[in-house]
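J.: Given next are the chains, with one letter for each unit.
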Amino acid sequence: MKTPQILAIAKREIKALVLTKAFLIMTLMFPLIFVVMGGIQAVFMTYEDDDVDNIVFVDGTGELEHALTAELNERDWVESGKIAFTFVDGTTVDKEEYIKLRSEDLHNASLTGIVFLPADIREDEDKKAEYHSLVPGNMTMVGRLQGVINAVLIDQYFSTLNISDDQLRYARTNVSLASLKVDESGHSEEESIIGPLILAFVLTMLLYLGLLVNGATLMRAVTEEKNNRIVELLLSSVAPQELMAGKIVGAAGAAILQMMIWLSPIVVLTILGGGASSQLPLPENIDLSIPISMVLYFLLNFVIGMLTYLAMFAAVGSLFDNEQDAQQGMWPVMLLIMIPFFIAYSMGADPGNSLAEIASMVPFASIMIMPARMILIDVPLWQLGTAIIVNIATLWFMVLLSGRIYRASVLATGSKLSLKRVWKLMTTA
Amino acid sequence: MHSLEVRNLIKHFERVRAVRDVSFNVPEGAIYGIIGRNGAGKTTIIRMLMNIYLPDSGDILFRGEHLTPAHQNSMGYLPEERGLYKKMKVLDTVLFFAELKGCKAADVKEKAIKLLSELGLEKRLQSKVTELSKGNQQKVQFVSTIIHDPDFIILDEPFSGLDPVNTNILKDIVMDLRSKGKVIILSTHLMDFAERMCDHIALINHGSLLLEGNLATIKREFGERNVALQSSISISELSSLQWVEEVRELEDHWLLTLGSPEDSQPLLKYLVDNGHSIQRYDANTTTLNDIFLSVVGEKEVAA
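Chains as they are written, first to last, in my numbering: chain C, 1 to 429; chain W, 1001 to 1303.
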């Protein structure tokens, strides 16, 4: 291996990638897009129009108005004055007729919805009530009403049992089920996965975004180099594998630089604020600590993953003469990134499932899945070792294979390359 | 020992036989011409010399050693199809290619500036390649080829696309390099350049070696039996003469192959005695172009 030459290629590649308008725009635009998207989402989520929603409770029991009013007045969304309630004694009201009667109000928007509480709702095991509206799919409204009615019914039920307020508070509190991790020595301890989860999520997103931006750029650079024949000059000095290695290291360098720029605000905040958590709006009792071994594995995995996928992008680039064709060749690589991504997410339901266990040691899939597994369960050391070896072997193989495809296809311009022809060239060039 | 020995080189591309059992020896300190038509297989041979292609079979020996990637550092290569990084600066380009040959950029920076200045590019060192004319881009490429002071310099069609002034500048540099003891392998389809510059030649056609050796010797041997004639005599009369074995009609003259070197004098006497005007009668001064056409076959060249 001609290491100085590989470094010279990498250095040139970084310069060529970084000192471009595209890099600058992408580096600045990506976080901006995220901030803007997040902002837009937040605006939409919290958006409420100025109209007041009018809800009528038709109380079939004729006894719940007082309790409902008390419960409603405790809610923020009632205090804001955006929702108004009226009560109708429902003991003598016919549901169908009442809806007909108020139909016009519903249609001219002076009434938003009608809640029917049946006379036997306090005895009915299923606690069935109805909400009639032009927009019955308003989940926020349905959820709010449901919560209020449920709270009132529970209070009513317990009040008949003659119990204290403390007992009532106990009955209304949900169970807190703590998940404890049993380690090898048989000890159980409570473990916070928030820190590792954030780190894994951030690194995975960065890997994905970094590949999306820099993978395509590297692919374009390879295609261009082949197209304008520089490659012949390069190959007269270094082996194709060395050229590939240099270009991949260069592209990875540019990608990592880009990520450092993206992450720098957080780092600066951490240093200035003496801790990220003091600057971020997190609850105080959240434990953000991450075991150092996990951090090291994540970083190693990240670098290997980046290099492996970049090698694939470069190989795809070397197959094609022009950018348009190369874009079409990208999807198999993207699939290899996407599929493990989805397997990793599916693990949320059952982190111990055997598909995830096997996938975490399979080439390509391992890069996305093993970090997720490590966070959720104690992965045996041998599996971690296997994953590292598999990933390094995959990277090595990819660089060799890409180099071979590169040599075969890079000097064969002109006619379109079929996979069959590439294979033939690989075995003859 | 020869500086470079090529033995029984064979290369196929799928079903195309690109190089067929080619062998030749390049002496030390020579300019060696690999000549042939476009598509004859010259570039494929050169790419194998540069370790870009691997031969199917055959050996390449540099000063007695089998070709390995390590030899690439002592070779400079100017490919036929030229390419540079368009957005890279001129000086950076030359230094980058020097680094690829194992040099440290700082060590060769002064030399790079000197060479570029000699070619009139002293004010363009910080220009982007894309801002240069095609001729100047070729100069940058040429400097990149020799910046690391290689022992072997391989130039594939070095004069293509150059104007006469730049062609002469480049030619002078090549001759200067030879005088410094460098081995220069030059591939070209331009016979007059090959004739003026090369000490030795290998003539390739359809991937096969047709003729190889010292150019002066080849010309002498070929010229002794071949006469270039421009005269008023008709081709039918010429063909019927006892001394003439074959007549080839070239652009502006005939190329005659005689039965033996001694037949030249009786032929000349016949032309004079019979009152045919003679504009040209060259015996022993056959051009490389004549040899090329004669060996490759005129019809094939025209085709």
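These aren't lab readings, by the way, just hints derived from the structure by calculation. Just so you know, these numbers come straight off a predicted model, no measurement behind them. Some hints could be false.
[Unchecked claim] Cross-link-like lysine to aspartate or glutamate pairs, in silico, EDC-like; alpha carbons within 16 Å at most:
| id | chain 1 | residue 1 | chain 2 | residue 2 |
| --- | --- | --- | --- | --- |
| 1 | C | Lys82 | C | Asp51 |
| 2 | W | Lys1086 | C | Glu224 |
| 3 | C | Lys11 | W | Asp1092 |
| 4 | W | Lys1180 | W | Glu1224 |
| 5 | C | Lys95 | C | Glu130 |
| 6 | W | Lys1087 | C | Glu224 |
| 7 | C | Lys15 | W | Asp1059 |
| 8 | W | Lys1171 | W | Asp1092 |
| 9 | W | Lys1114 | W | Asp1092 |
| 10 | W | Lys1171 | W | Asp1199 |
| 11 | W | Lys1134 | W | Asp1176 |
| 12 | W | Lys1180 | W | Glu1212 |
[As the list claims (entries may be wrong)] One-sided and incomplete, this derived list gives chain W residues near chain C with beta-carbon spacing under 7 Å:
| id | residue |
| --- | --- |
| 13 | Met1050 |
| 14 | Arg1196 |
| 15 | Met1197 |
| 16 | Ser1208 |
| 17 | Glu1212 |
| 18 | Gly1213 |
[Stated by the list, open to error] Here are some chain W residues the structure puts well away from chain C; computed CB gaps all over 10 Å:
| id | residue |
| --- | --- |
| 19 | Asn1051 |
| 20 | Leu1067 |
| 21 | Pro1069 |
| 22 | Glu1081 |
| 23 | Lys1086 |
| 24 | Lys1087 |
| 25 | Met1088 |
| 26 | Glu1099 |
| 27 | Asp1107 |
| 28 | Leu1119 |
| 29 | Ser1144 |
| 30 | Glu1237 |
| 31 | Ser1260 |
From the three backbone atoms N, C-alpha and C, an ideal C-beta is built for every residue, glycine too.
J.: With a cut-off of 16 Å on the C-alpha distance, tell me whether Lys15 (chain C) and Asp1059 (chain W) pass.
T.: Cα-Cα ~40 Å, so violated.
J.: Next pair to validate is Lys11 (chain C) with Asp1092 (chain W); report whether the Cα-Cα distance is within 16 Å.
T.: 12 Å, holds
J.: Would Pro1069 (chain W) pass as off the interface with chain C, using Cβ distances and a cut of 10 Å?
T.: The claim is violated: Pro1069 (chain W) sits with its nearest Cβ about 6 Å from chain C, within 10 Å.
J.: Quick one, is the Ser1208 (chain W) hint okay against chain C at 7 Å, beta carbons?
T.: Violated, about 20 Å.
J.: For the pair we were handed, Lys1180 (chain W) and Glu1212 (chain W), check the Cα-Cα distance against 16 Å.
T.: 25 Å, violated
J.: Does Gly1213 (chain W) hold up as a contact with chain C if the rule is Cβ-Cβ below 7 Å?
T.: Hint violated; Gly1213 (chain W) Cβ to chain C Cβ min 27 Å, cut 7 Å.
J.: Would you mind confirming whether the straight-line C-alpha gap from Lys95 (chain C) to Glu130 (chain C) stays at or under 16 Å?
T.: 10 Å, holds
J.: Does Lys1086 (chain W) pair with Glu224 (chain C) here, judged by a C-alpha cut-off of 16 Å?
T.: 11 Å, holds
J.: With a cut-off of 16 Å on the C-alpha distance, tell me whether Lys1114 (chain W) and Asp1092 (chain W) pass.
T.: Holds. Lys1114 (chain W) to Asp1092 (chain W) sits at ~14 Å (cutoff 16 Å).
J.: Given the proposed pairing of Lys1171 (chain W) with Asp1092 (chain W), does the C-alpha separation stay at or below 16 Å?
T.: 25 Å, violated
J.: Does the structure keep Lys1180 (chain W) and Glu1224 (chain W) at a Cα separation of 16 Å or less?
T.: 34 Å, violated
J.: May I ask you to check that Glu1099 (chain W) keeps its beta-carbon over 10 Å from the closest beta-carbon of chain C?
T.: 4 Å, violated
In the structure shown, a violation is registered for the earlier hints numbered 4, 7, 8, 11, 12, 14, 15, 16, 17, 18, 19, 21, 22, 23, 24, 25, 26 and 29, in ascending order.
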